[in-house]
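> Now for the letters of each chain:
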Amino acid sequence: MIARRLAFAGPLVALLIACTFFALQSPRFLTGANLSLVLSQVMVVGVLAIGQTLVILTGGIDLACGMIMALGSIVMSLLAVKHGWHPAMAIAGGMGVTTIAGMINGLLVTRIKLPPFIVTLGTMNIAFAITQLVSRAQTFTDLPPLLTWLGQSVWVGNTPIAYGAVAMLLLYALAFVVLRETAAGRHVYAVGSNLEAARLAGISTNRVLLSAYMLSGLCAGIAALLSIARTSVGDPQSGQTENLDTVTAVVLGGTSLFGGRGIVLGSLVGAMIVGVFRNGLTLMGVSSVYQILVTGVLVILAVATDQWSRKA
Amino acid sequence: MRTLALPRLSPPRLVALALPLLLACSAKGDDKPVIGLITKTESNPFFVKMKEGAEQAAAAQGATLIAAAGRSDGDNAGQVTAIENLMAAGARAILISASDSKAIVPAIKKARDAGILVIALDSPTDPVDATDALFATDNYKAGQLIGQYAKARLGATPARIATLDLIPGHPTGAQRHNGFLSGFGLPSYEKTRNELAQPPEVVCMSDAMGDQAKGQTAMENCLQAHPDINVVYTVNEPSAAGAFTALKNAGKEKGVLIVSVDGSCRGVQNVVDGALTATAQQYPLRMAELGVEAAMAFIKTAKKASGYVDTGVQLIAKDSVAGVPSLSADKALGLCWGDK
Numbered sequence: 001m002i003a004r005r006l007a008f009a010g011p012l013v014a015l016l017i018a019c020t021f022f023a024l025q026s027p028r029f030l031t032g033a034n035l036s037l038v039l040s041q042v043m044v045v046g047v048l049a050i051g052q053t054l055v056i057l058t059g060g061i062d063l064a065c066g067m068i069m070a071l072g073s074i075v076m077s078l079l080a081v082k083h084g085w086h087p088a089m090a091i092a093g094g095m096g097v098t099t100i101a102g103m104i105n106g107l108l109v110t111r112i113k114l115p116p117f118i119v120t121l122g123t124m125n126i127a128f129a130i131t132q133l134v135s136r137a138q139t140f141t142d143l144p145p146l147l148t149w150l151g152q153s154v155w156v157g158n159t160p161i162a163y164g165a166v167a168m169l170l171l172y173a174l175a176f177v178v179l180r181e182t183a184a185g186r187h188v189y190a191v192g193s194n195l196e197a198a199r200l201a202g203i204s205t206n207r208v209l210l211s212a213y214m215l216s217g218l219c220a221g222i223a224a225l226l227s228i229a230r231t232s233v234g235d236p237q238s239g240q241t242e243n244l245d246t247v248t249a250v251v252l253g254g255t256s257l258f259g260g261r262g263i264v265l266g267s268l269v270g271a272m273i274v275g276v277f278r279n280g281l282t283l284m285g286v287s288s289v290y291q292i293l294v295t296g297v298l299v300i301l302a303v304a305t306d307q308w309s310r311k312a
Numbered sequence: 001m002r003t004l005a006l007p008r009l010s011p012p013r014l015v016a017l018a019l020p021l022l023l024a025c026s027a028k029g030d031d032k033p034v035i036g037l038i039t040k041t042e043s044n045p046f047f048v049k050m051k052e053g054a055e056q057a058a059a060a061q062g063a064t065l066i067a068a069a070g071r072s073d074g075d076n077a078g079q080v081t082a083i084e085n086l087m088a089a090g091a092r093a094i095l096i097s098a099s100d101s102k103a104i105v106p107a108i109k110k111a112r113d114a115g116i117l118v119i120a121l122d123s124p125t126d127p128v129d130a131t132d133a134l135f136a137t138d139n140y141k142a143g144q145l146i147g148q149y150a151k152a153r154l155g156a157t158p159a160r161i162a163t164l165d166l167i168p169g170h171p172t173g174a175q176r177h178n179g180f181l182s183g184f185g186l187p188s189y190e191k192t193r194n195e196l197a198q199p200p201e202v203v204c205m206s207d208a209m210g211d212q213a214k215g216q217t218a219m220e221n222c223l224q225a226h227p228d229i230n231v232v233y234t235v236n237e238p239s240a241a242g243a244f245t246a247l248k249n250a251g252k253e254k255g256v257l258i259v260s261v262d263g264s265c266r267g268v269q270n271v272v273d274g275a276l277t278a279t280a281q282q283y284p285l286r287m288a289e290l291g292v293e294a295a296m297a298f299i300k301t302a303k304k305a306s307g308y309v310d311t312g313v314q315l316i317a318k319d320s321v322a323g324v325p326s327l328s329a330d331k332a333l334g335l336c337w338g339d340k
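Chains as they are written, first to last, in the numbering used here: chain A, 1 to 312; chain B, 1 to 340.
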């Protein structure tokens, strides 16, 4: 347990140092309003990263989550705007579609034994194409208020905090407790550490894997709603950078790409690191290309650290 | 295995922690007014040039320019983030080339509600009045110019046209495409329509996303289906260069007219060399300068720019034809943008 806390400490220290640095550079950085802004900027990737963490913990990867999110947001917008469904039903419909998409990933991985990288590479393209086809590449505006409600803010003093950011934090708390305190959570780690040993220990490994991909699909559905709420539109071009951004967040958060090791709160910290760099560099007036550069370097260092700690 | 987690606070991680310090030297600590510029990407030469122009104009006027961009063309969420961060940075005016004309509107509204002047550069929003003003090339007119020229050059020969377009649903791509057809004298859609017209003379349509490699592939595939293509419209010069390579590989580069839009130095040079028949030149530096001027006027006098300002477009061709005024490619080299 102590070791796992230390694993979490590395990314957290990195985040704090980055925050300190930007606070020294710009007086505008360390304000409540700005920090809550960063939180709302990372909420979409943050929620996607919960599902990605689950999948990576099992030793897999979900390259499709961003595109499945885009599909979900288009389904929600389409049902609500074009087909006149009640917004709540439209949301449920969108989340249903993304969960089914996750289930298809899971079934291809468990039943046909295809490598997760290949499966999700394929479904990523399929989800993108379906999104473009059903939306006719058009953006949906004038959405019903319920779809954008999560973009509204609750005021804490004079700092606005988006409902969506609160929802993300609650989801992280839930995922943290489930992974740490329940048998199902321990099974995820067991499957990722050693699939064969987990099977011999009586764990239904296929069920664990299938659940991880389905939950990733469900997270994509929630992220779809957050994405709509944040930008106030259903956008068929969304999700293109989020696929790999979630992997970045998970890896920066200290979860091993080889499965079995990691802590879900780390992924939130990883997403925050990326968000803080983007925000801080913009406040400083530094080109956002540097943000991409820094992120790339950090990812390599994080994976190098993981590799190095295994050999030690 | 988890007992090995301690080394995570390891040398590589420590290097990562030191990295921000390397960027410290670029810190700015003055109280000049801040103007924000948001482009579609930071890698497209057109926007690189626009950013340079804006930086120079801002420096000359005593303002700080903060540039931000999406990660790729079409990355609306990235541009929303950029707007929010520029608001947090205290920008008084924001100049933006929207990647998604509709999806960016709510974020722009937030900025304008906060009292920030927002001017669209190069690409209009949908609706156009979502920004205070628009400084841009008239893309429909740019298309019409190259359409008229292609028609004049082709004469009475029946047209067999291929179009290499941008991305689905993009107003800039639609306006150039439909403008081209209108200039060519073919049935087309009006300026405001966001779809691509396809009269029977257009035998092949492909989205090449403004990319040279995709332009080449698209042209190769068009030639497979229709070896008798004699006019190629391309949405920009990189895709035109790709189309030329495909035609050259097929041995057809002599008999086919390729027309495009942009007026970059490389594109104009291609006109000089004959790899491109004609292009419509636009002026990103002028957009940037006018944008910064308008921003400074707003900061100093609270006077907001409004409406559409046409930043100009000129037809560039090696050989002029009667009835279609054009600028010679040699002269255009003096007006072009990007690396020569």
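No lab work stands behind these hints, which were simulated from the structure alone.
It cannot be assumed that every hint is accurate.
[Stated by the list, open to error] Cross-link-like lysine-lysine pairs, in silico, DSSO-like; alpha carbons within 30 Å at most:
hint, chain 1, residue 1, chain 2, residue 2
1, B, K300, B, K32
2, A, K82, B, K151
3, B, K110, A, K82
4, B, K214, B, K141
5, A, K82, B, K214
6, B, K318, B, K141
7, B, K303, B, K151
8, B, K32, B, K191
9, B, K109, B, K303
> Each hint: holds or not?
Taking the hints in turn, this is what the structure says about them:
1. With a CA separation close to 12 Å, the supplied pair K300 of chain B and K32 of chain B stays within the 30 Å bound.
2. Between K82 of chain A and K151 of chain B the alpha-carbon distance is near 41 Å, which puts this suggested pair outside the 30 Å criterion.
3. A C-alpha spacing of about 26 Å is found between K110 of chain B and K82 of chain A, which places the hinted pair at or below 30 Å, so the restraint holds.
4. Simply put, K214 of chain B and K141 of chain B have alpha-carbon atoms about 25 Å apart, close enough for the 30 Å limit, and the pair holds.
5. Taking the CA atoms of K82 of chain A and K214 of chain B, the gap is near 33 Å; set against the 30 Å cutoff, the hint is violated.
6. Under the criterion of a C-alpha separation no larger than 30 Å, the hint pairing K318 of chain B with K141 of chain B is consistent with the structure, at around 20 Å.
7. For the hint linking K303 of chain B to K151 of chain B, the alpha-carbon distance of about 45 Å lies beyond 30 Å, and the restraint is violated.
8. Proposed proximity of K32 of chain B and K191 of chain B is contradicted: the alpha carbons are some 40 Å apart, above 30 Å.
9. For the suggested pair K109 of chain B and K303 of chain B, the alpha carbons sit about 18 Å apart, so the restraint of at most 30 Å is met.
Of the numbered hints stated above, those contradicted by the structure are hints 2, 5, 7, 8, listed in ascending order.
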